[in-house]
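From first to last, the protein sequence lines stand for chains B and L.
First residue of the first sequence? That's 92 in our numbering, and the numbers climb one at a time after it.
First residue of the second sequence? That's 92 in our numbering, and the numbers climb one at a time after it.
Honestly, the hints are just simulated from the structure, not real lab data.
The C-beta atom is built at its ideal place from N, Cα and C for all residues, glycine as well.
There may be inaccurate statements among the hints.
[Unchecked claim] Now the in silico label distances, taken between C-beta atoms and shown as ranges:
(1) L:Asp154 / B:Glu254: 32 to 42 angstroms
(2) B:Asp303 / L:Gly311: 26 to 36 angstroms
(3) L:Gly172 / B:Glu171: 26 to 36 angstroms
(4) L:Gly311 / B:Asp224: 35 to 45 angstroms
(5) B:Thr253 / L:Asp239: 37 to 47 angstroms
(6) L:Leu297 / B:Glu232: 51 to 61 angstroms
(7) B:Asp123 / L:Asp267: 43 to 53 angstroms
(8) B:Asp123 / L:Pro251: 30 to 40 angstroms
(9) L:Asp213 / B:Ala216: 57 to 67 angstroms
(10) B:Asp139 / L:Val299: 52 to 62 angstroms
(11) L:Leu297 / B:Ser306: 37 to 47 angstroms
(12) B:Gly153 / L:Arg296: 44 to 54 angstroms
[Claimed, not checked] For lysine-lysine, the following DSS-like pairs were computed, each having C-alpha atoms within a straight-line distance of at most 30 angstroms:
(13) B:Lys309 / L:Lys243
(14) L:Lys243 / L:Lys173
(15) L:Lys173 / L:Lys258
(16) L:Lys309 / B:Lys258
(17) L:Lys309 / L:Lys258
(18) B:Lys258 / B:Lys309
(19) B:Lys173 / B:Lys258
(20) B:Lys258 / L:Lys243
(21) L:Lys243 / B:Lys173
(22) L:Lys258 / B:Lys258
(23) L:Lys173 / B:Lys258
There are 2 protein chains.
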Amino acid sequence: MSQSTDQAPLKTNRSRLRRSHERGHYDRAAIDQVLAAMPMCHIAYEIDGAPSILPTLQWREGDYVYWHGSAASRALRAMEGKSVCLSVSCLDGYVLARSAMHHSVNFRSVMLFGEAERVEGDHAATSLERMFDALFPGRWETLRPMTDQEFKATWVMRMPITEGAAKIRSGGPKDDEEDYELPIWAGVVPIEMNLMPPIDDAETRLDVPQPDHLSRIKLG
Amino acid sequence: MSQSTDQAPLKTNRSRLRRSHERGHYDRAAIDQVLAAMPMCHIAYEIDGAPSILPTLQWREGDYVYWHGSAASRALRAMEGKSVCLSVSCLDGYVLARSAMHHSVNFRSVMLFGEAERVEGDHAATSLERMFDALFPGRWETLRPMTDQEFKATWVMRMPITEGAAKIRSGGPKDDEEDYELPIWAGVVPIEMNLMPPIDDAETRLDVPQPDHLSRIKLG
Chain B
92 MSQSTDQAPL KTNRSRLRRS HERGHYDRAA IDQVLAAMPM CHIAYEIDGA PSILPTLQWR
152 EGDYVYWHGS AASRALRAME GKSVCLSVSC LDGYVLARSA MHHSVNFRSV MLFGEAERVE
212 GDHAATSLER MFDALFPGRW ETLRPMTDQE FKATWVMRMP ITEGAAKIRS GGPKDDEEDY
272 ELPIWAGVVP IEMNLMPPID DAETRLDVPQ PDHLSRIKLG
Chain L
92 MSQSTDQAPL KTNRSRLRRS HERGHYDRAA IDQVLAAMPM CHIAYEIDGA PSILPTLQWR
152 EGDYVYWHGS AASRALRAME GKSVCLSVSC LDGYVLARSA MHHSVNFRSV MLFGEAERVE
212 GDHAATSLER MFDALFPGRW ETLRPMTDQE FKATWVMRMP ITEGAAKIRS GGPKDDEEDY
272 ELPIWAGVVP IEMNLMPPID DAETRLDVPQ PDHLSRIKLG
């Protein structure tokens, strides 16, 4: 599939696919938008002399990206104070071209490089609340409060948003000029990630309705 | 969020949430199912002495996972013959518990460890066709054939499916026993990744309809 960064002029025909092929390095606003769109991230770190990956959830506070896990996590302990790479990717569509070579995907992605740092004490507690604000706004204050034991069992980590970039590809295929005359269908199969209606836990008390804050959960 | 591997007995009440918390290590069939459900993967590798990530598409052929990219890709050149970690993750839902601690996510994931190997010659050409069979079945034979130049510009890589595991979590929250009586809503917000109706490229010839093979593209 094409790795080209060619950019074709935009077209304004709304009934068909707009040709736009923006890629490359973006400003901080683009990075923040992608981080906000997709909480799932993959963090590369080294353990036992080889690269490994931690799939987890991320949230942003100012100029840092945060994640958390069990205090017993080998991954978190291995990455503390070490270089890591955090990647967030939204797969937005398949781009089907007239030749195999120019098939591609539409995506929004962020890649960050830096040192993973453990956050402790009050800062860690506040950050867990910020995670809920990011993922499930309005929910934290409805929950049974966290115990000291639970705080102790939880590690909060972060890395600065200093080195890295956002990359975005959107729009239709970019074929070789001579291929446009071929009788081959080309276009995009969009991909969407959607939240579905909440499902009550079997043990939820019958007098407890679905709370309004469920409607504030966003994705994409 | 909970890292527990507790398993609760299944319930059969279909109108509410089934409690199942399967996690951990699965057999080869589970690995193959997750690989088939989600082509997007993240590959951790080392470059310039630090971990990095390549987000790309994977497909399986027998006991290997394959990916490809530009012959000019620094990432592919850096990982050839080296240890890598390939991760595939499907985010299937948010699991909302009665305490912050037991919030979790439902997911299907695979993590593989091994050495990345470059595939060359006829094997590479055949593998690119297999990639289309996996992603866009029926499309390869409708395309303008790849040129020698295009084959030369494309690297195909693979790693064996020998070391690694699938992990799956599904079902509702698993709260502390004493929290079930609290008047707090708990349940799951499912997440689905869906293919949307194909969009014609603005340059598609008017006499070329959307081909039947578009309906054979699957995800999830």
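Going through the hints against the structure:
no., hint, in the structure
1, L:Asp154 / B:Glu254: 32 to 42 angstroms, "37 angstroms, holds"
2, B:Asp303 / L:Gly311: 26 to 36 angstroms, "29 angstroms, holds"
3, L:Gly172 / B:Glu171: 26 to 36 angstroms, "29 angstroms, holds"
4, L:Gly311 / B:Asp224: 35 to 45 angstroms, "29 angstroms, violated"
5, B:Thr253 / L:Asp239: 37 to 47 angstroms, "43 angstroms, holds"
6, L:Leu297 / B:Glu232: 51 to 61 angstroms, "57 angstroms, holds"
7, B:Asp123 / L:Asp267: 43 to 53 angstroms, "36 angstroms, violated"
8, B:Asp123 / L:Pro251: 30 to 40 angstroms, "39 angstroms, holds"
9, L:Asp213 / B:Ala216: 57 to 67 angstroms, "59 angstroms, holds"
10, B:Asp139 / L:Val299: 52 to 62 angstroms, "53 angstroms, holds"
11, L:Leu297 / B:Ser306: 37 to 47 angstroms, "43 angstroms, holds"
12, B:Gly153 / L:Arg296: 44 to 54 angstroms, "51 angstroms, holds"
13, B:Lys309 / L:Lys243, "43 angstroms, violated"
14, L:Lys243 / L:Lys173, "22 angstroms, holds"
15, L:Lys173 / L:Lys258, "25 angstroms, holds"
16, L:Lys309 / B:Lys258, "25 angstroms, holds"
17, L:Lys309 / L:Lys258, "21 angstroms, holds"
18, B:Lys258 / B:Lys309, "21 angstroms, holds"
19, B:Lys173 / B:Lys258, "25 angstroms, holds"
20, B:Lys258 / L:Lys243, "26 angstroms, holds"
21, L:Lys243 / B:Lys173, "37 angstroms, violated"
22, L:Lys258 / B:Lys258, "29 angstroms, holds"
23, L:Lys173 / B:Lys258, "26 angstroms, holds"
In this structure, the earlier hints numbered 4, 7, 13, 21 are contradicted, and the remaining ones agree with it.
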